[in-house]
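*Asks:* Residue numbers (the UniProt record's numbering), protein chains in the order written: chain A, 1 to 405; chain B, 1 to 405; chain C, 1 to 405; chain D, 1 to 405.
Please note: incorrect hints may appear among the correct ones.
Identical copies carry no separate label here, and so any pair may be met within one copy or between two of them.
[What the hints assert, rightly or not] Here are the simulated PhoX-like cross-link-like pairs (lysine-lysine), alpha carbons at most 25 Å apart as the crow flies: (1) Lys230 - Lys400; (2) Lys327 - Lys169; (3) Lys327 - Lys56; (4) Lys327 - Lys230; (5) Lys400 - Lys56; (6) Lys169 - Lys400; (7) Lys115 - Lys169; (8) Lys327 - Lys400; (9) Lys169 - Lys56; (10) Lys360 - Lys72; (11) Lys72 - Lys230; (12) Lys327 - Lys115; (13) Lys230 - Lys56; (14) Lys72 - Lys400; (15) Lys230 - Lys360; (16) Lys360 - Lys115.
Derived from the structure by calculation, the hints contain no laboratory data.
There are 4 protein chains.
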Amino acid sequence: MDRKEAPVTERVVLAYSGGLDTSVAIGWIAEETGAEVIAVAVDVGQGGEDLDVIRKRALACGAVEAEVADAKDEFAEEYCLPAIKANALYMDRYPLVSALSRPTIVKHLVAAARKHGAGTVAHGCTGKGNDQVRFEAGISSLAPDLTCIAPVRDYAMTRDRAIAFCEAKGLPIATTRKSPYSIDQNVFGRAVETGFLEDIWNAPIEDVYEYTADPATPREADEVIITFDKGVPVAIDGEPVTVLQAVQRLNERAGAQGVGRIDMVEDRLVGIKSREVYEAPGAIALITAHQELEAVTVERELARYKRQVEQRWGELVYDGLWFSPLKRALDGFIAEANEQVSGEIRMTLHGGRAVVTGRKSQASLYDFNLATYDTGDTFDQSLSKGFIEIFGMSSKIAAKRDLRQ
Amino acid sequence: MDRKEAPVTERVVLAYSGGLDTSVAIGWIAEETGAEVIAVAVDVGQGGEDLDVIRKRALACGAVEAEVADAKDEFAEEYCLPAIKANALYMDRYPLVSALSRPTIVKHLVAAARKHGAGTVAHGCTGKGNDQVRFEAGISSLAPDLTCIAPVRDYAMTRDRAIAFCEAKGLPIATTRKSPYSIDQNVFGRAVETGFLEDIWNAPIEDVYEYTADPATPREADEVIITFDKGVPVAIDGEPVTVLQAVQRLNERAGAQGVGRIDMVEDRLVGIKSREVYEAPGAIALITAHQELEAVTVERELARYKRQVEQRWGELVYDGLWFSPLKRALDGFIAEANEQVSGEIRMTLHGGRAVVTGRKSQASLYDFNLATYDTGDTFDQSLSKGFIEIFGMSSKIAAKRDLRQ
Amino acid sequence: MDRKEAPVTERVVLAYSGGLDTSVAIGWIAEETGAEVIAVAVDVGQGGEDLDVIRKRALACGAVEAEVADAKDEFAEEYCLPAIKANALYMDRYPLVSALSRPTIVKHLVAAARKHGAGTVAHGCTGKGNDQVRFEAGISSLAPDLTCIAPVRDYAMTRDRAIAFCEAKGLPIATTRKSPYSIDQNVFGRAVETGFLEDIWNAPIEDVYEYTADPATPREADEVIITFDKGVPVAIDGEPVTVLQAVQRLNERAGAQGVGRIDMVEDRLVGIKSREVYEAPGAIALITAHQELEAVTVERELARYKRQVEQRWGELVYDGLWFSPLKRALDGFIAEANEQVSGEIRMTLHGGRAVVTGRKSQASLYDFNLATYDTGDTFDQSLSKGFIEIFGMSSKIAAKRDLRQ
Amino acid sequence: MDRKEAPVTERVVLAYSGGLDTSVAIGWIAEETGAEVIAVAVDVGQGGEDLDVIRKRALACGAVEAEVADAKDEFAEEYCLPAIKANALYMDRYPLVSALSRPTIVKHLVAAARKHGAGTVAHGCTGKGNDQVRFEAGISSLAPDLTCIAPVRDYAMTRDRAIAFCEAKGLPIATTRKSPYSIDQNVFGRAVETGFLEDIWNAPIEDVYEYTADPATPREADEVIITFDKGVPVAIDGEPVTVLQAVQRLNERAGAQGVGRIDMVEDRLVGIKSREVYEAPGAIALITAHQELEAVTVERELARYKRQVEQRWGELVYDGLWFSPLKRALDGFIAEANEQVSGEIRMTLHGGRAVVTGRKSQASLYDFNLATYDTGDTFDQSLSKGFIEIFGMSSKIAAKRDLRQ
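All chains should be modelled from the sequences, with the hints used to inform the complete structure.
*Replies:* The structure is reproduced here in C-alpha cells:
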C-alpha cells in the first residue's frame with residue numbers, strides 16, 4: 001500500500017503455469033495493454049517441470065520479471081487443513097481440489113503486485129468456469145484496487161490463435177497438438193475434463209486416472225492409523241507428519257488402493273451443470289477419518305449444526321468466496337467445533353474404499369457403560385418415560401387438534 | 001373413535017415378534033395389568049418364520065386375539081420410498097432402516113387398538129434406545145388417547161426373568177441361550193449390535209453380516225440400470241418393478257457385491273453415542289442412484305436447499321417424529337423437488353461400491369452445448385465479467401472497509 | 001409457442017407506466033432497434049391516472065398496440081397472499097412491496113409478447129437496482145426464448161436525453177422538473193428514495209409519507225378483528241373480504257394510525273447497501289396478525305423450521321427468483337404449514353403500532369388446562385425429571401469430558 | 001474437584017430468593033433429605049429487598065450458611081451482552097430475559113457447591129416451565145457430578161403446604177395471600193403471568209406493567225444516541241457507560257416512552273404453548289439499535305447467515321443450553337460477525353416505539369457514491385446485464401426444461 005512512486009510503465013502480474021496459454025499470454029497482454037508483464041508461478045503440488053525451468057521460460061517469453069514459489073506447505077496448512085476440519089465435500093462428493101488452490105495462488109499474485117507496483121492481475125481462465133470467479137473475487141477481496149484481466153476470455157485468445165502467436169514470435173514452447181485431457185491437479189487432488197466425458201452416459205476409462213490405481217485390481221488391503229490433534233492430522237501409523245506429508249502419504253497409499261475417484265455432474269457457479277471426474281485419495285481418506293473422529297468426539301447438537309455449516313462453507317469456497325466475511329465467521333464456528341477432535345482412527349484402504357474399522361480418543365464421548373446392554377449399564381431407563389412424553393408433547397397436542405378438526 | 005361400548009376387560013395391543021421377549025410379554029402384561037392381550041405381528045420383510053406360525057404361537061402364549069399383516073409393500077411404498085426421495089442418511093451414513101419400520105408397525109398397532117377397543121399399546125423395547133421413542137411418539141401422534149407400556153423398561157422384564165416366566169408357564173418357545181447378536185432387520189436393511197462391537201476400536205467380523213457378501217472377495221462386477229419416474233424407482237434393467245421389488249432385487253445384486261455395509265458411532269436421541277453396524281445394499285444403491293439423478297435434473301439452488309431439508313428430515317425420522325407436523329411440511333417440499341427426477345442411472349456394483357457410470361434423462365438440466373469447450377459452445381463468456389464483478393461486490397466493499405480500518 | 005408466421009417487423013413489448021421515461025422509450029426503442037413497440041400497463045394498485053388515459057398516451061407516443069390490465073386482485077391473491085403466509089419480511093423488516101409486483105407485471109408482459117409475436121421485452125429500470133433482475137430473471141423463467149432490454153441501462157437513456165427526445169418529437173408528456181422523490185407504489189405498500197435520505201444520518205421527514213399519517217399525532221386507537229382461514233385473511237371485523245379488500249381496508253385503518261413505516265439500510269442483490277423508506281400499513285398489520293395466529297396454531301418444531309424457510313423465501317423473492325424451482329418447493333412447505341392457521345386475531349392500531357391483544361382459534365394448540373398454574377392443571381410434572389435428564393444428556397457427557405481434559 | 005474430605009453431613013445448595021417458597025424450602029429440604037442447606041441469593045437486578053436482609057432471613061429459616069452476591073455487572077457483561085450481539089429474540093419477539101439470568105445464577109450455585117462441599121443443588125421451579133431445565137441442564141454442564149432437586153416439583157411442596165409449614169415452624173416470613181401475578185424480573189426485563197391472561201383472548205391491563213409507562217399517553221419524544229464498539233454498547237448520548245448502565249439507562253428512558261412491551265403465545269421447551277407478557281425496554285432499544293448498525297456494517301451474505309445463527313442461538317438459550325458445545329461454537333461465529341459493528345445509532349423513543357433515525361460508522365459498508373442516483377455515481381451499470389444473465393442461468397435452464405416437458 002506504500003507504493004512510493006508509480007512505475008512509469010503499467011505492470012501486470014500474470015498467474016503463470018509454464019504451459020502454452022500463459023506463455024503466449026505474456027506477449028499477448030503486453031501487446032494488448034502496453035504493460036510490462038511479471039510472471040508468477042506457484043507450486044501447490046501440481047508436479048511437472050522444475051520451478052526454475054518455468055521461471056526461465058517466462059523470461060524467455062518476454063516477462064520482465066518471473067517469480068516462482070514453493071507453496072506446497074502453505075497450501076496444505078492454510079487451505080487443505082481448514083477443508084479437512086470442515087469435512088468439505090461440495091455436493092457431498094467433491095473435496096474442492098481446485099477451489100482450494102486458487103486462493104493460495106491469489107495471495108501470491110497480490111503480494112507480487114504490491115512488490116512490483118502492478119495495478120492489474122491476469123489469469124488464464126476461460127469465461128465459463130468457476131476458476132475465473134475464484135481468481136477475481138479473491139483478488140478483489142485482498143486488493144480491491146487491483147484490476148483483473150483474463151486474455152482467453154477478454155481478448156478472445158483461443159488456442160489456435162495462441163499457437164499462431166507462438167509460432168510467429170518464435171516462443172520456446174512446444175505447440176504440439178493439445179492433449180485430449182484438460183487437467184488441473186495439486187497435492188489435494190486432480191480434476192479431469194475431456195471430450196468423451198461430456199456425454200454424461202459415458203463412463204470414465206482407466207486412462208483418465210493418474211493418482212489412483214484401478215480399484216478392481218485384486219491386491220492386499222492396506223491398514224493405516226491416522227492420529228488427529230484438534231482436527232489436525234499429526235501422525236500416520238504413529239509417525240509424526242506435517243499436513244502436507246499426511247496428504248502426500250495418503251495420496252500414495254490410498255491411491256494405490258483406488259480410493260478417491262469421483263465421477264459427478266456438478267453445479268457450477270455460472271449456472272450450468274458440468275461433468276467432472278476427480279481423484280483425491282489423500283483428501284478422501286483424511287476427511288473420512290476426520291468425520292468419524294468427530295462422530296466420536298463432537299456432541300450431537302453441535303454435530304448436527306456443523307453439517308449445515310460445512311455445506312455452506314463448501315459452497316462458499318467452491319463459489320470463490322474464500323476471503324469473504326461469511327467464510328471467516330464460519331471458520332470461527334469450525335475452529336471451536338474442532339477443539340476436542342483428537343484421537344486415532346484405524347482405516348482399511350482397499351478396493352477403492354477407505355473404511356474406518358476403529359476409533360480411539362481421550363476426548364471420546366462414547367461411554368461404554370452408558371451404551372452397553374450388558375452388566376455395568378449405568379443408564380437409568382426409568383428416565384425415558386418422562387423424556388418421551390415431553391419430547392413428543394408438541395406433536396401429540398397437534399395430533400389431538402388435527403384429529404378433532 | 002366410535003367404540004360403541006367399552007370392553008368389559010381392558011385390552012392391550014402388543015407389538016409381537018414371535019420371539020422370547022414378546023411371547024413372555026403376553027402373559028406378563030396380563031398379570032401386571034389384568035388386561036387381555038391382543039398380539040399384532042407386522043411383516044416388514046424381517047424374514048424368519050411364517051406369519052401363521054407366529055400367529056398361532058401368540059395364541060398359545062395366551063393372547064386373546066392375534067393378528068398378522070404382510071406390510072412389505074406398504075413399508076416399501078409409504079416409508080422407504082419417501083426416504084429414497086429424501087436421500088435420507090442419518091449422519092450422512094445410515095439409511096434409517098429401523099427408524100422407517102417403526103411408523104409402519106405403529107399404524108397397524110393403532111388400527112388394531114381401534115378395532116379391538118384397546119386403550120393401551122405395548123412394545124418390547126428397552127429404555128435406552130431410539131425405538132421406544134419411535135413407538136410411543138408415533139402412537140401418541142396417531143392416537144393421542146392411547147397409553148403406551150414397555151414391559152422390559154416399565155416392569156423390569158429382564159431376559160433372565162423372561163426365561164424363568166417362560167419355563168414356569170410352560171410356554172412353547174425355545175429358551176436357548178441368546179444369540180450374541182442383537183439384530184433388527186427388514187427389507188430396507190439390517191442392524192447388528194453385539195458385545196465385542198461395544199469396544200469401538202474393534203472391527204466387525206464377517207460373521208455379523210447376512211445381507212452382504214465380503215466385498216474383498218474377488219468376483220465379476222455387476223452392471224445395473226435403474227429407471228426413476230418422479231423420484232420413484234420404476235424399472236431395473238428395463239423391467240418394471242414395484243418399490244418393494246426394486247429394493248429386494250438390489251438387496252440381492254448389490255448385496256452379492258458387498259455394497260451397503262456401514263460401521264459407525266451414532267448419536268442416539270436419548271443423548272448417548274452408540275456403535276452400530278448396518279447392512280443396506282438395496283437402500284444404498286437406490287439412494288446413490290437417486291442422488292446422482294437429482295444432480296442431473298434438479299436446479300442448483302433447489303439442490304443446495306434440499307440438502308438441508310434432507311438432513312432435518314432424516315433427523316426427524318431418526319428421532320421418531322415420522323407423524324409430526326414438520327415432517328409433513330418437509331414432505332411437501334420434497335415432493336415438489338422430485339417432480340422432474342426422472343431418467344436412468346447406470347451403476348457398477350463391485351467390491352463394496354455402487355458407482356454411477358452413466359445418467360440419461362429427458363428432464364436433464366445438463367446441456368452439452370453450454371458445458372462443452374469444443375465447437376458448438378453456446379455459452380456467452382462475455383457475460384462473466386459483469387457477473388463476477390457484481391457477485392463479488394459485497395465482499396469487495398467489505399474488503400475495502402477492512403483494509404482501511 | 002405456436003407462432004404460425006413470424007411478424008415481418010420485430011416487435012418489442014414494453015412495460016409501460018405512462019410516465020416520461022417509458023413514454024420516451026417507445027420511440028427510443030423503435031429508433032434503436034427498428035422494432036414495433038407494444039406498450040403494456042399493469043395496474044397493481046399504484047393509483048394515479050386512469051388506465052384508459054395511459055393506453056391512449058402510449059398510442060400517441062408511437063406504440064403500435066397498447067394494452068392495459070387491472071391486475072389488482074391477481075396481485076393480491078397470487079403474490080401478496082403467499083407473502084403473508086410466509087410472513088415475508090426481507091431483513092426482518094421489508095414486506096417486499098416492489099419485489100412482489102414485478103412477477104405480476106412479468107406475467108402480463110410475457111402473455112402480451114406471446115399474443116403479439118414479440119421476441120423482446122423492455123423495461124424502464126436502471127442498471128443498479130433490484131428491479132432489473134426481477135424483470136429479467138422473471139421473463140427468462142417464464143419465456144427463456146425472449147430477449148430483454150432496458151433503454152435506461154442499455155441505451156444510456158438518461159433523464160436529460162429523454163426530455164430532449166420528448167421535446168424534439170413533440171410527445172404529449174409534461175417534462176416538468178422531476179419530483180425530488182423516486183417512488184414505487186402498489187396496493188401492498190410504497191417505497192420512497194430521495195437525495196437527502198442518501199445520507200443515512202438524516203431522518204425522513206413527514207413529507208415523504210403518503211400511505212401513513214404521523215404516528216406521533218394524538219388520536220383515538222382503532223381496534224380491528226382479522227379472521228384467517230388456512231392463512232388467508234377472509235374477514236375484517238366479521239365482514240367477509242377478498243385479499244385485496246383486506247389489504248386496502250387495513251391500508252386505510254392502519255395507515256390512519258401511522259402503522260407500517262420502515263426506514264432501513266438494505267442489502268441489494270447487486271451487492272451494494274441502499275437506504276430505503278417504505279410504508280406498508282396493510283401488509284404490516286396482516287403479517288403481524290398472521291404471525292401471532294401461527295404462534296397459536298403451529299406446532300413448535302414446524303414453527304422453528306418455518307422461520308428459516310420464511311427467510312429464504314423472502315431472499316429469493318427479493319432477489320427476483322419468484323419463478324424459480326426453489327421458490328416453488330418452499331411454497332409446498334408453506335402451504336402445508338398454513339393448513340391449520342385459521343382463527344381470529346384482535347389488534348389495536350395506534351401510534352404507529354399494530355399490537356395483537358387477543359387470539360381465538362378452533363385449531364389452537366394452546367391448552368388452558370396444560371398451561372394453567374391453577375386448579376385444573378393436567379400437566380404431569382413428574383415427567384419433567386426424566387425429560388430434563390435425557391434432554392441434557394449429550395451436553396452433560398460432553399461437560400464431563402471437557403472437565404477431565 | 002479437590003474436596004479433601006467429604007463433609008460429615010450432606011449439604012444442599014439452594015437457589016434462594018427470600019420469598020415464601022424458597023424460605024420454606026430450607027427447612028423442607030432439611031427434613032426430606034437430612035442435609036444441611038446453604039442458601040445462595042444472586043442479585044441480577046430483580047430489585048426488592050436488600051441482599052443483607054435476604055441473607056439474614058435465610059439463616060433465620062434454618063440455613064447453615066447464606067451467601068449473597070451482586071451479579072448485576074456480571075449478568076450484563078457475560079449474559080445480556082452476548083444476547084445483544086446475537087440480536088436474540090425468541091420467536092422473533094422475546095429477548096430471553098429469564099433465560100439469561102438462569103445460567104448466571106447457576107454459575108454462583110455451582111461455585112457455592114464447590115466451596116461448601118455440597119453434592120446437591122436445589123431450586124424453586126415447578127415441573128412445567130422452562131426454568132427447571134435451565135437450572136438443571138446448566139448445573140449438569142458445569143458440574144455433571146452434582147444432583148439437582150426441586151422441592152415444588154419433586155416433593156410436592158405446594159403453596160398451601162408451604163404456608164402450613166411456615167406457620168407450624170414460626171418462620172419469619174409474611175404468608176399473606178399471594179399476589180395474583182407471578183413475576184420474574186431482572187435488569188434485562190420482566191415477565192408476568194397471571195390468571196386472567198391465561199385466556200389468550202384477554203388483553204393485558206395497565207396494572208401488569210412496571211418497567212414501562214402506557215405508550216398511549218401523549219408525551220414528548222426522547223431522542224437518544226447509542227454508540228457501539230464491536231457490538232458492545234459503550235456510550236449513551238456520548239457519555240461512556242458499562243453494559244449494565246446502558247441497559248439501566250435505556251430501561252428508564254425507553255420505559256418512560258412505553259417501549260418494550262411484548263404480549264405473546266410462546267412455545268415452551270416442555271412442549272406446551274403458554275401466554276406470556278414481558279417488558280424489556282432497554283433490551284428492545286439496544287437490540288433494535290444493534291440490528292440497524294449491523295445492517296450498515298455487516299456484509300450481506302454474513303448478515304443473511306447470521307439470522308439463522310441468531311435464531312438457533314436464541315432457541316438454545318431459551319431451551320436452557322447456555323453451557324452447551326453448540327452454544328460455544330455459535331458464539332465463535334457471532335464474535336467474528338461483530339468485529340466491525342462499531343458506530344452510532346440515533347433513535348427516537350416515543351409512543352411505545354424505538355425508531356432508528358440515523359446511523360454513522362467508520363466501518364460503514366454503505367457507500368454514498370455507489371448508492372446515489374445523482375452525479376457522482378460510481379456504479380458501472382454495464383456490468384448488470386452479464387450479472388443478471390448468469391445469476392438467473394440455472395433457473396432459466398430449468399424453465400426451458402419445464403416448458404418442454
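*Asks:* It remains to establish, for every hint, whether it holds in the given structure.
*Replies:* Hints, one by one, checked against the model:
1. Lys230 - Lys400: Classified as between: cross-chain Cα gap 18 Å, same-chain 48 Å, threshold 25 Å.
2. Lys327 - Lys169: Neither: 44 Å inside a copy, 54 Å across copies.
3. Lys327 - Lys56: neither (37 Å within a copy, 54 Å between copies)
4. Lys327 - Lys230: both (20 Å within a copy, 19 Å between copies)
5. Lys400 - Lys56: Neither: 79 Å inside a chain and 36 Å across chains, both beyond 25 Å.
6. Lys169 - Lys400: Neither. Shortest intra-copy (83 Å) and inter-copy (41 Å) distances fail the 25 Å Cα cut-off.
7. Lys115 - Lys169: neither (29 Å within a copy, 57 Å between copies)
8. Lys327 - Lys400: Between copies only: 17 Å across chains, 45 Å inside a chain, cut-off 25 Å.
9. Lys169 - Lys56: within (17 Å within a copy, 65 Å between copies)
10. Lys360 - Lys72: neither (30 Å within a copy, 40 Å between copies)
11. Lys72 - Lys230: Within one copy only: 22 Å inside a chain, 36 Å across chains, cut-off 25 Å.
12. Lys327 - Lys115: The answer is neither: 27 Å in one copy and 43 Å across copies each exceed 25 Å.
13. Lys230 - Lys56: neither (42 Å within a copy, 49 Å between copies)
14. Lys72 - Lys400: neither (62 Å within a copy, 29 Å between copies)
15. Lys230 - Lys360: within (14 Å within a copy, 41 Å between copies)
16. Lys360 - Lys115: Neither: 48 Å inside a chain and 35 Å across chains, both beyond 25 Å.
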